[in-house]
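Respectively, the protein sequence lines represent chains A and B. With my numbering, letter number 26 in the first sequence gets 41, and the count goes up by one each step, no holes. With my numbering, letter number 392 in the second sequence gets 398, and the count goes up by one each step, no holes.
A couple of the hints might just be wrong.
[Claimed, not checked] Restraint-style ranges between C-beta atoms, simulated for each label pair:
#, chain 1, residue 1, chain 2, residue 2, range
1, B, 173, A, 131, 44 to 52 Å
2, A, 96, B, 147, 23 to 31 Å
3, B, 36, A, 158, 22 to 30 Å
4, B, 163, A, 214, 39 to 47 Å
5, B, 207, A, 85, 48 to 56 Å
6, A, 129, B, 163, 42 to 50 Å
7, A, 68, B, 68, 17 to 25 Å
8, B, 61, A, 249, 58 to 66 Å
9, A, 96, B, 32, 39 to 47 Å
[Said to hold, decoys possible] With the C-beta cut set under 8 Å, the calculated list includes, among others, these residues of chain A facing chain B:
#, residue
10, 50
11, 54
12, 61
13, 64
14, 66
15, 81
16, 104
17, 107
18, 111
19, 141
20, 143
21, 145
22, 174
23, 179
Just so you know, the hints here were simulated from the structure itself, not pulled from any lab data. Computed from a prediction, not measured in an experiment: that's the story for all the values here. By construction, the Cβ of each residue, glycine as well, lies at the ideal position given by its N, Cα and C atoms.
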Amino acid sequence: MSFFKKLKESIASKTEAVTTIFKEGLTKTRVALVEKVEELITRRKKIDEEFYEELEEILIGADVGVNTVMTLIDELRAEVKKRKIEQAAELQPILSEKLIGLLKGEQNPGLQMAKSGITVILFVGVNGVGKTTTIGKLAHKFKSEGKSVMMAAGDTFRAAAIEQLEVWGERVGVDVIKQQSGSDPAAVMFDAVQAAKQRGVDVLLCDTAGRLQNKTNLMEELNKIFRVIQREIPDAPHEVLLVLDATTGQNALSQAKLFGEKSGVTGLVLTKLDGTAKGGIVIAIRNELNLPVKLVGLGEKMTDLQEFDSEQFVHALFSGLIQREEEQSETN
Amino acid sequence: MAAFESLTNRLQNVFSKLRSKGKVTEEDLNEAMREVRLALLEADVNFKVVKDFIAKVKEKALGLDVSKSFTPGMVVIDIVNKEMTELMGGTQSKLAKANKPPTVIMMVGLQGAGKTTTTGKLAKLLQKSNHKPLLVACDIYRPAAIKQLQVLGEQINAPVFSMGDQTSPVEIAKAGLQHAKENQNDYVIFDTAGRLHIDEALMEELKQIHQNVKPDEVLLVVDAMTGQDAVNVAQSFHEQLELTGVVLTKLDGDTRGGAALSVKAVTGKPIKFAAMGEKIDALEPFHPDRMASRILGMGDMLSLIEKAQANIDADKAAEMERKMRTAEFTFDDFLEQMAQIRNLGPLDQLMDMLPGMNKMKGNMKDMKVDEKQINRVEAIVRSMTKAEKQKPELLNHSRRKRVAAGSGTSITEVNRLIKQFEDMRKMMKQFSSMMGPKGPKGGMKGLKGMLGKGGKGFKFPF
């Protein structure tokens with residue numbers, strides 16, 4: 016059985032709705048990455064230097080990342096030599112296989128929840144990636160699963176960040192623990208953990224101010240927040256999620272690295288994936304960092320925040336190919 | 007990031023391989039161009055822009071006959087640097103001014119680019135030159151966006167016009183403009199909601215605002231970290247709204263900021279400002295030459311020099327230089343010098359501006375400059391008596407013990423500092439013998455000695 020067929024079957028067991036969200040949210044990436052590669056292969060036919068260059072450009076254009084692309088191309092060259100491939104069409108399956116290999120990685124770990132008691136999830140990231148929005152959406156998700164949720168307004172720096180979280184609190188129907196703007200975020204976290212314990216909520220979602228990863232002092236502040244939470248609940252925070260804007264380029268890797276060092280990031284949230292053709296960054300992250308993507312933002316609606324599912328992701332990206340393969344096997 | 011090797015080094019590698027051959031062929035140049043290409047791609051310059059750019063550079067390089075130069079690497083870098091600076095446009099940070107006030111400015115961009123914050127910063131900048139800006143809150147979608155603008159307005163004491171989040175942005179914009187006219191505001195800045203450039207409904211709304219307020223400036227706010235997509239974003243905003251300029255935000259991060267080049271290349275509009283920090287006055291004019299070095303990973307020496315010029319007292323510097331020359335340098339001077347360096351801003355930010363530092367930082371985790379360590383050094387010096395500061399020779403064991411106790415450090419730390427201070431003095435003497443009034447006679451010898459020493463012995467005390 017072909018890989019795609021297996022994939023299809025494994026996906027069939029999942030809800031149709033999720034598959035649709037993935038497919039729609041990744042339309043842009045599919046067009047820019049997979050379909051462009053296909054187009055290149057049918058147009059070029061022969062494998063020469065120009066072919067490699069164009070392929071390189073397509074991949075880099077989707078923010079797959081220079082390093083990853085260079086390795087990929089080198090591997091392809093080696094493969095071509097070894098198998099004495101001359102026609103571009105023969106390269107197609109090898110390339111797809113490689114891309115899928117990069118994307119698949121391990122299983123999808125999902126969000127780590129506390130075995131008993133409160134689950135604390137801390138959100139970190141640079142300015143303007145969508146931390147607060149992600150928290151709002153995630154609160155909605157947990158709430159609709161019947162969990163009791165609380166949010167901590169840890170962004171005490173940016174103007175009206177607390178109000179922004181409060182609006183989400185009202186929308187979703189979740190309490191927000193806050194102090195005044197300008198207060199110590201670690202103190203807010205302390206309060207929030209105490210309140211969460213008292214009210215016995217299931218999930219505490221902690222917002223933090225956006226910060227650029229090269230600002231040492233601000234990164235130390237994150238470290239303090241982390242320690243305060245850990246002191247109050249020993250195995251918390253259960254998840255530290257780095258929120259990344261999918262439109263970010265190579266800097267995403269620097270962000271993941273430095274935030275990882277300072278705040279013990281356990282996973283990534285990729286936001287604004289629907290708007291652009293930049294799903295490629297998922298490949299770069301998979302390849303260059305040891306961090307699983309846990310959530311993806313595939314649209315503006317509350318329900319468009321989805322747990323990342325690499326099978327769904329691959330399926331959505333290669334759906335054109337999958338369909339064709341099916342048609343072929345039917346005619347046979 | 008470790009993968010970043012400065013283009014300078016890379017090109018030198020390419021050409022040093024050729025040096026032995028003695029002649030640079032076109033093929034060699036191609037290899038060099040490949041390095042340039044990679045450096046640009048790694049800096050997130052869009053690949054299409056890179057392609058055109060490389061073609062242009064290559065043409066120039068062939069024309070100049072790089073092969074005749076002893077340092078072809080440097081020549082290529084120079085061409086790249088110049089071309090890039092030119093491509094990013096001249097320094098043009100002036101805002102348009104309407105013949106009949108108010109001047110209308112519209113801020114547009116993707117979500118999270120920093121429009122609202124930049125609106126506040128721009129208003130502050132206008133206030134500094136005695137203008138009276140009015141801020142208009144047209145972002146009715148994001149929760150608390152209006153509130154954010156109001157808070158910023160309060161901080162800088164600028165009026166903010168809003169009609170809540172139930173009125174359509176087009177109506178708000180119209181009423182806001184009217185309000186500005188009635189209240190004699192000479193600038194109106196419209197903060198609009200972030201939107202994806204492919205969101206047709208929201209783009210249509212922007213167009214309508216545009217038609218109604220007839221802006222003199224339409225500024226696209228772009229996150230400096232944006233990747234390959236910067237081109238598409240800029241292009242579609244430009245097609246629909248006719249941008250007049252660009253503001254690049256979050257440039258205080260460690261991104262190389264290739265987006266700047268991409269955006270300029272597709273819109274042809276100048277980058278008017280760069281946002282360089284979290285503070286409300288951290289909006290600076292954009293300097294294409296500095297951005298070029300940054301994209302190439304060559305550091306931002308110019309900004310550093312400018313910062314130093316703005317912050318260091320020229321008289322004091324001259325005096326310090328004299329002292330160094332005559333080796334009269336004391337711990338008092340040392341303290342003062344440290345205070346001046348600290349005036350320049352957080353040290354790690356300074357480090358970022360030095361060429362090659364990014365790379366070093368990546369390679370060595372310990373390279374982090376610890377501001378606390380500097381505080382400790384300061385504490386040690388401050389725990390010395392006046393006489394001791396003037397004459398460090400006085401510091402015998404028991405005095406050192408006292409200094410350690412007084413500064414809350416250990417005697418080892420005190421010893422280390424004194425040792426380093428002495429080394430520094432010695433080096434200054436060598437310097438002065440080199441640069442002294444007698445001119446650089448025997449300079450090479452002195453320099454050699456210094457380098458040898460600098461290699462292992464000398465370290466700045468923090």
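Cross-check of the supplied hints:
1. B:173 - A:131: 44 to 52 Å: Given about 49 Å between the Cβ atoms, the range holds.
2. A:96 - B:147: 23 to 31 Å: violated (54 Å)
3. B:36 - A:158: 22 to 30 Å: Violated, at about 59 Å.
4. B:163 - A:214: 39 to 47 Å: holds (41 Å)
5. B:207 - A:85: 48 to 56 Å: violated (40 Å)
6. A:129 - B:163: 42 to 50 Å: holds (47 Å)
7. A:68 - B:68: 17 to 25 Å: With Cβ atoms ~20 Å apart, the hint holds.
8. B:61 - A:249: 58 to 66 Å: Given a distance of about 60 Å, which is inside 58 to 66 Å, the answer is holds.
9. A:96 - B:32: 39 to 47 Å: Hint violated: Cβ distance 26 Å, outside 39 to 47 Å.
10. 50: violated (16 Å)
11. 54: violated (16 Å)
12. 61: At 21 Å from the nearest chain B Cβ, residue 61 of chain A fails the 8 Å test, so the hint is violated.
13. 64: Constraint on residue 64 of chain A not satisfied, violated at 11 Å.
14. 66: Since chain B brings no Cβ nearer than about 15 Å to residue 66 of chain A, farther than 8 Å, the hint is violated.
15. 81: holds (5 Å)
16. 104: violated (24 Å)
17. 107: Hint violated; residue 107 of chain A Cβ to chain B Cβ min 22 Å, cut 8 Å.
18. 111: violated (22 Å)
19. 141: With a minimum Cβ separation of about 7 Å from chain B (threshold 8 Å), the hint on residue 141 of chain A holds.
20. 143: holds (3 Å)
21. 145: holds (6 Å)
22. 174: This interface hint holds because 4 Å falls under the 8 Å limit.
23. 179: holds (4 Å)
The structure shown violates the earlier hints numbered 2, 3, 5, 9, 10, 11, 12, 13, 14, 16, 17 and 18.
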